[in-house]
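Novice: What follows is the residue order along each chain.
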Amino acid sequence: MNKFFRLYMPFTRAGIQSTLMYSINIIFFSLSELLYCFVMYYVWLAVFDASDGQNFMGFDMQDMVLYLFMTNVTAYLTMSQADSAIAEEIKDGSIAMRLLKPVDYHISILFKDIANPIILFFMVFLPMTVCVEIYRGVTAGMIMFQPLNCLLYLLSGIIAYLVSFYLNMCFGFLAFYVTNLWGVSMFKKILLKFLSGAAIPLAFMPAALKNILAFLPFSSLSYTPVMIYMGKYTGAELLLNVGLQVFWLIALIVLCKLIWNRAIRRLCVQGG
Amino acid sequence: MIEVEHLKKEFRKVVKEPGLKGSVKSLFKPKYETVAAVDDISFHVPKGEILGFIGPNGAGKSTVIKMLTGILTPTSGSCTINGKDPAADRKRYVKEIGVVFGQRTQLWWDLPLRETYGVLKEVYSVPDEKYQKRMELLNEVLELDDFIGSPVRTLSLGQRMRADIAASLLHSPKVLFLDEPTIGLDVVVKNNIRNAIMEINRTEKTTVILTTHDISDIELLCSRIVMVDKGHKVYDGSLDALKSKYGIMRELVFQPEIAENFSEKDFIGGLKLGGEDLTVGHENGKWRVRFNSEKIPVKDMLSYTLSHIEAKDISMREADVEEIIRRLYKEGVGV
Amino acid sequence: MKRILKIYFRLLSQNIKMLMEYRIDFLTGAFSFIIDQVVGIGFIFIIFSQIPELAGYTLDQIVFIYGFSLIPKGLDHMFTDNLWSVGYFIVQKGDFDKYLTRPINPLFHIIAEKFQIDAAGELIMGIILVCISAGSAGVVFTPLSVVLLIVAIIFASLIYTSIKLGTAALAFWIKVSGQVTQVFYMTNEFAKYPTTIYSDFIRTVITYIVPFAFTGYYPCVYLFTGENPLFNIGGVVIVSSVLMMIALTIWNRGLKAYESAGS
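Heads up: the sequence lines are chains U, X and V, in that order.
Mapped onto our numbering, the consecutive letters of the first sequence carry residue numbers 1 to 272.
Mapped onto our numbering, the consecutive letters of the second sequence carry residue numbers 1001 to 1335.
Mapped onto our numbering, the consecutive letters of the third sequence carry residue numbers 2001 to 2263.
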């Protein structure tokens, strides 16, 4: 185990260094995402203003704010760049060099990619969560922060990141077959935003659609952890949803290996 | 044709102190430092000349070229080309020049090469008939036919460079600026490009200003060179003059038969010379003695060597341009 | 002028040819933008399944505002997308030199060089939404209102262009300014809803500082009510012209300050 980390930690370190070089980009990107959250915040204010009760389909304003900001930060936190990393290596042929190294391809990519959530956790997640909790505390007049939920959220968030990573790996392998990934990755991004419940909370969708989306792997990405943070899932429901996350993670790992084995054979046949 | 008078370009640079504290400090209260990239450079180029513009990296070559092509405005001094001031009269001026930056392409990356020429034809308002003729000529000189239908991104570096040069010549410019046109190319392509430049220069009296790090470019193309270093002009004259002025270095090459008890140290000790003036090296059993023929005449060198070593295959060589330039770079000013 | 148009169409046809090279890629891209808008509209429908009005506007009116705001956004996106590249890499990599050695205006050259077909997704969606919701939203089309609508759309597009241009030009000083453009550009999200839902501070910002309110809400108010054309439509023209002047000033100063990379 020790040896394992010693072998792969340098990948993470390199990843952190190269991500930090773009820390200005991260700050500006977070700022523009934050603008979007604020637009939605005011939309919700108006919605609650227009509806008579304190309640909108099971959410009150505080819930909404929490959902809004936490979903965005979670989606951002669990974002993986594995797809573009792989696609680039396939395109410029440097994937062949990778195969020569005595390390597992998937794990080395993972350890490099993991730098992203580590940095974002400190630069975006912590400040954002503190602000949201202060907001909650002030509006409710008491401390609303639930350490246990937060802990469970982090656990579920780690699984969410891994699901996202393997999903993006599979997607990145498309570059073996398609030369230009720009349009497709745009499509993926927008579809994911919808399917994961980042655009519209799954709870607001028609029941049939909601059930399907809740079962698909995409709800594992941000919806499940956020629901846990909000305390909407408890007991059996909590176990079920985290179990579902684990199930999809395993399924995606298997799928990823399958595609990889086929693609690698193709790579060898073509002679790289 | 080209008149450059006391040209000067200063850049303002932010001075950063090391460390995080320094970065934060320079963010709020930046300290500036003025650096003269080009300082008081003057030269004239008559019509139809090929001028080699050389100097070590960071000497200010590109900055001069960029001022001459209207990209940068001089801090002071002036350049006049065909009676026009590049920076002030940019739009009209650039119609008369062609520019190639060897490291960058001006071709449209995703489209067949032919399309780039089609666009440039409109940009430079080249009439149809003239365009046809021009393309034929460029085709002949630069052999574009093989790849004119291929997307630019699929071209090899050599093909791309030929295509880029053709693009810069499409509107029959009076002056052609080439910034490292042969960088990274193989010998065959280099020759093709050199011949093309010579051909255009000969038939159309195009004035050419070229920067390069390849000495053969200079030897084969340029009748005159201007050398800059640290923003100053350090040499301006013909290549021959440079050779006679600095070609004092000679190289004696021989294969020793019996050379016991004699080493390079003995050379240096016996002749009481060293440093730049005398160096000795071995290579494949051969000795190479480089020496300053002003400090020790060739005749004396030969007799000294032969009196100590029994040698065969003795030959004497003049220093080549590369060596002269290396020496000049090292010594800096000296003209 | 004739020459300029000729060059523009020449470059445009280059773009179309390029699109044909990567047909599937671009169609997927444009399709994605449509999906994105469909989801956005779906969200509005879900909200209105629970409430009758939002800030005093009906579903149809909100859809109209949403759709209208997409049209200038899409137009700008379609024709001036290359300005993003200025802020992200053209200046930084020193590629800007190329434009300065050509005998045409560098700004025109850069804009003409790229035609972004993806924007068709936003444009088509915007036009559809405006068409289907106009009647029930209470928009009455008279010759005057149609003319004003077109004027508003053109000048609203220029608001987008000016904001991109002014912030992209900062790259002449700071080398990379794409993120600055990104933050200002994202403010357009505020334009999709009535400005009355925002706090006074935000309303002031999006009316007078980053005036995206004029690219959606204000012109729509005129179309709904016919009220105050001087502010609601005239405001678009004035704000847009002022902003364009500022942006061009920044750009022109930037050109003078430009010191290409790797001197």
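Hint data in this document are derived by calculation from the structure and do not stem from the laboratory.
Just to be clear, a hint being listed does not mean it is correct.
What the simulated footprint calls covered on chain V by chain U, stretch by stretch (three residues with Cβ under 8 Å from a Cβ of chain U suffice, anywhere in the stretch; the number is not a length) [unchecked claim]:
1) 2048-2059
2) 2140-2153
3) 2178-2191
4) 2197-2208
Lysine-lysine pairs mimicking DSS-like chemistry, simulated, CA-CA at most 30 Å apart [said to hold, decoys possible]:
5) K1265/X with K1312/X
6) K1133/X with K2017/V
7) K1095/X with K2175/V
8) K1243/X with K1133/X
9) K1243/X with K1312/X
10) K1047/X with K1031/X
11) K189/U with K2114/V
12) K1205/X with K1091/X
13) K2006/V with K1133/X
14) K1286/X with K1243/X
15) K2114/V with K1272/X
16) K1121/X with K1205/X
17) K1121/X with K2114/V
18) K1121/X with K2006/V
19) K189/U with K2006/V
20) K2256/V with K1031/X
21) K1121/X with K1047/X
22) K1174/X with K2098/V
23) K1029/X with K2098/V
24) K91/U with K2098/V
25) K1084/X with K2098/V
26) K1047/X with K1265/X
27) K2093/V with K1091/X
28) K1174/X with K2093/V
29) K257/U with K189/U
30) K193/U with K257/U
31) K2114/V with K2175/V
32) K2017/V with K91/U
33) K1008/X with K1095/X
34) K2017/V with K1130/X
35) K1029/X with K2006/V
36) K2017/V with K1121/X
37) K1190/X with K2098/V
38) K2098/V with K1130/X
39) K1029/X with K1095/X
40) K1230/X with K1047/X
Each residue gets a CB set at the ideal place from its N, CA and C atoms; glycine is no exception.
Novice: The structure should be examined with respect to each hint, and the outcome stated for every one.
Specialist: Structure-based check of all given hints:
1. With 6 residues carrying a beta carbon less than 8 Å from a beta carbon of chain U, the segment 2048-2059 of chain V meets the three-residue requirement, and the given coverage holds.
2. Residues of the segment 2140-2153 of chain V lying with their CB closer than 8 Å to a CB of chain U number 0, which falls below the three-residue condition for coverage.
3. Here the segment 2178-2191 of chain V counts 9 residues with a CB under 8 Å from a CB of chain U, which clears the bar of 3, and the coverage holds.
4. Judged by the Cβ-Cβ criterion of 8 Å, the segment 2197-2208 of chain V is covered by chain U as claimed, because 4 of its residues qualify and three suffice.
5. Of the pairs offered as hints, the one joining K1265/X and K1312/X holds, with about 21 Å between alpha carbons and a cut-off of 30 Å not exceeded.
6. Distance restraint check for K1133/X and K2017/V: the Cα-Cα separation of roughly 26 Å lies within the 30 Å cut-off, and the hinted pair is therefore satisfied.
7. At roughly 28 Å between alpha-carbon atoms, K1095/X and K2175/V fall within 30 Å of each other, so this suggested pair holds.
8. Distance check on the hinted pair: K1243/X and K1133/X sit about 41 Å apart at the alpha-carbon level, beyond 30 Å; violated.
9. Pair hint K1243/X plus K1312/X holds up; C-alpha atoms about 29 Å apart against a cutoff of 30 Å.
10. Pair hint K1047/X plus K1031/X does not hold up; C-alpha atoms about 45 Å apart against a cutoff of 30 Å.
11. For the hint pairing K189/U with K2114/V, the CA-to-CA distance comes to about 23 Å; that is within 30 Å, so the pair holds.
12. Simply put, K1205/X and K1091/X have alpha-carbon atoms about 23 Å apart, close enough for the 30 Å limit, and the pair holds.
13. The suggested pairing of K2006/V with K1133/X holds, with an alpha-carbon distance near 22 Å, which does not exceed 30 Å.
14. Restraint check for K1286/X and K1243/X: the C-alpha separation of about 26 Å stays at or below 30 Å, so the hint holds.
15. Taking the CA atoms of K2114/V and K1272/X, the gap is near 69 Å; set against the 30 Å cutoff, the hint is violated.
16. About 22 Å separates the Cα atoms of K1121/X and K1205/X, which keeps this hinted pair within 30 Å; it holds.
17. Taking the CA atoms of K1121/X and K2114/V, the gap is about 18 Å. The hint holds against a cut of 30 Å.
18. In summary, the hint linking K1121/X to K2006/V is supported, as the alpha carbons are separated by about 11 Å, within the 30 Å threshold.
19. Straight-line distance between C-alpha atoms of K189/U and K2006/V comes to about 38 Å, which puts the hinted pair past the 30 Å bound.
20. Straight-line distance between C-alpha atoms of K2256/V and K1031/X comes to about 22 Å, which keeps the hinted pair within the 30 Å bound.
21. Proximity of K1121/X to K1047/X is assessed by CA-CA distance (about 25 Å); at most 30 Å being required, the pair is judged to hold.
22. In summary, the hint linking K1174/X to K2098/V is supported, as the alpha carbons are separated by about 18 Å, within the 30 Å threshold.
23. As the CA atoms of K1029/X and K2098/V are separated by approximately 34 Å, the hinted pair breaks the 30 Å bound.
24. Between K91/U and K2098/V, the direct Cα distance comes to roughly 28 Å. Compliance with the 30 Å bound is thereby established for this hinted pair.
25. This hinted pair checks out: K1084/X and K2098/V have alpha carbons roughly 20 Å apart, not beyond 30 Å.
26. Restraint check for K1047/X and K1265/X: the C-alpha separation of about 53 Å exceeds 30 Å, so the hint is violated.
27. Between K2093/V and K1091/X the alpha-carbon distance is near 23 Å, which keeps this suggested pair within the 30 Å criterion.
28. The hinted pair formed by K1174/X and K2093/V meets the criterion: a straight-line CA distance of about 28 Å does not exceed 30 Å.
29. Restraint check for K257/U and K189/U: satisfied, since their Cα atoms lie roughly 23 Å apart, inside the 30 Å limit.
30. Proximity of K193/U to K257/U is assessed by CA-CA distance (about 25 Å); at most 30 Å being required, the pair is judged to hold.
31. Distance hint between K2114/V and K2175/V is fulfilled; the C-alpha atoms sit about 21 Å from each other, no more than 30 Å.
32. This hinted pair checks out: K2017/V and K91/U have alpha carbons roughly 23 Å apart, not beyond 30 Å.
33. Restraint check for K1008/X and K1095/X: the C-alpha separation of about 25 Å stays at or below 30 Å, so the hint holds.
34. A C-alpha spacing of about 25 Å is found between K2017/V and K1130/X, which places the hinted pair at or below 30 Å, so the restraint holds.
35. Annotation: proposed proximity of K1029/X to K2006/V is violated, straight-line Cα distance about 49 Å (limit 30 Å).
36. Distance hint between K2017/V and K1121/X is fulfilled; the C-alpha atoms sit about 18 Å from each other, no more than 30 Å.
37. Distance restraint check for K1190/X and K2098/V: the Cα-Cα separation of roughly 23 Å lies within the 30 Å cut-off, and the hinted pair is therefore satisfied.
38. The hinted pair formed by K2098/V and K1130/X meets the criterion: a straight-line CA distance of about 24 Å does not exceed 30 Å.
39. Taking the CA atoms of K1029/X and K1095/X, the gap is about 43 Å. The hint is violated against a cut of 30 Å.
40. Pair hint K1230/X plus K1047/X holds up; C-alpha atoms about 28 Å apart against a cutoff of 30 Å.
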